[in-house]
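Counting from 856, one number per residue, gives the positions in the sequence shown under the working numbering.
It should be emphasised that the hints constitute simulated quantities derived from the structure, not laboratory data. Just so it is clear, the structure is predicted and the values come from calculations on it, not from any experiment. It is possible that part of the hints are untrue.
Claimed, not checked - List of simulated lysine-lysine pairs, DSSO-like, C-alpha gap at most 27 Å:
#1 K982 - K1127
#2 K1144 - K951
#3 K1088 - K1077
#4 K1144 - K1025
#5 K1143 - K951
#6 K1088 - K1001
#7 K951 - K1088
#8 K1112 - K1144
#9 K982 - K1083
#10 K1112 - K1099
#11 K1001 - K1172
#12 K1127 - K1143
#13 K1000 - K982
#14 K1112 - K1083
#15 K1144 - K1077
#16 K1112 - K982
#17 K994 - K982
#18 K1025 - K1112
#19 K1077 - K1127
#20 K1137 - K1020
#21 K1137 - K1099
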Amino acid sequence: MKYIRSTTIFLFTLIIPGIVFSQDNNYILDADTGNEMDDLYAIVQAIASPDMNLIALNSAQYNSSQIFMDSIWNGNKVTNFNSVTISQQYNEQILKGLNRMDIPHPIGCETHLGYAWGYYPDAHVPKSPATDFIIEQAKKASPDKKLKIICIGAVTNLAAAIETKPEIAKNIHAYILGIRYDPITEIWNKNDFNSRRDLNALDVLLDQTDLELTIMSVSIAKTFEFEKDETMKRLYAYNHTVTKLLADIWPGINAAKYRTMWDVTLLIALQKPELATLENRKPPPENKKDVVHVYTAIDTEAMRTHFWKTLDTYFNKH
């Protein structure tokens, strides 16, 4: 999707010498990093990419009834379990390993919006440093120069920010990974992992008529897979503490031979729009928005090539 912009382009230089970013490349990345291994891959790929500049890395919760009923979840004991703190710990570990603690990294909300039975006016809205940061940055933005926020987990932090200050919705373009969608039948299904982590928050976004919303459906992202042995071999070859973390986490959570890199798909679609097809479609009929932008196809082979090219370039210099 192409936008007509002013011919005046403002540029600033990042701390990394030799790399110049347009303001159009600025994003907040909101990740439930402790939940699945692909979040870690997406974060590293985002920081390594010359096509993306993170102005913040937020941590997101990934609570579910299964977590609190089982004795263990992805290798984490769940006694006194606080999912957002685990996401925060991983975020900080990656930032420290890449020497990028200069990127703001506020912790997100501990709980979802409202209650298990739903959300309604005056229901509980969680607060956190991440929601405060989103509000602060959105107030500086405008409908012409929107704040861009990528949510690769539950959309709790963003929805909580909008519910706290509804007037900021018009200043935000949200990009989310979630919801099943069939481009042929145009049928939506919110029975997916990210949606179920905070369905109340997802409905808040889909009911915001002023919010611009782009969705990478899990139905499309599921085709983007990595193979375990090849991936680990390539990651260990960089001889870097962060790529070792990415490799070690695969057997650490007993992941299968093939793994869908859901979150990486959305990041690369934003970095390289030519590798994905983006269309305007009607949202789920129960929601209030008139239209959403939806990815309906991706070039998985080209995306995989781009991922490794990005890491090759970055880690060969660091």
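Tested hints:
1. K982 - K1127: violated (34 Å)
2. K1144 - K951: Violated, because 40 Å separates the two Cα atoms, which is more than 27 Å.
3. K1088 - K1077: holds (23 Å)
4. K1144 - K1025: Distance of about 13 Å is within 27 Å: holds.
5. K1143 - K951: With a Cα-Cα distance of about 42 Å, the restraint between K1143 and K951 is violated, given a limit of 27 Å.
6. K1088 - K1001: violated (40 Å)
7. K951 - K1088: holds (23 Å)
8. K1112 - K1144: violated (40 Å)
9. K982 - K1083: Violated, because 38 Å separates the two Cα atoms, which is more than 27 Å.
10. K1112 - K1099: holds (18 Å)
11. K1001 - K1172: Status violated; Cα separation ~32 Å.
12. K1127 - K1143: violated (30 Å)
13. K1000 - K982: Roughly 26 Å separates the two Cα atoms, so the pair holds.
14. K1112 - K1083: holds (5 Å)
15. K1144 - K1077: Status holds; Cα separation ~25 Å.
16. K1112 - K982: With Cα atoms ~39 Å apart, K1112 and K982 exceed 27 Å; violated.
17. K994 - K982: holds (17 Å)
18. K1025 - K1112: At roughly 43 Å apart (the allowed maximum being 27 Å), K1112 and K1025 break the hint.
19. K1077 - K1127: At roughly 18 Å apart (the allowed maximum being 27 Å), K1127 and K1077 satisfy the hint.
20. K1137 - K1020: holds (26 Å)
21. K1137 - K1099: violated (42 Å)
When each numbered hint is compared with the structure, violations occur for hints 1, 2, 5, 6, 8, 9, 11, 12, 16, 18, 21.
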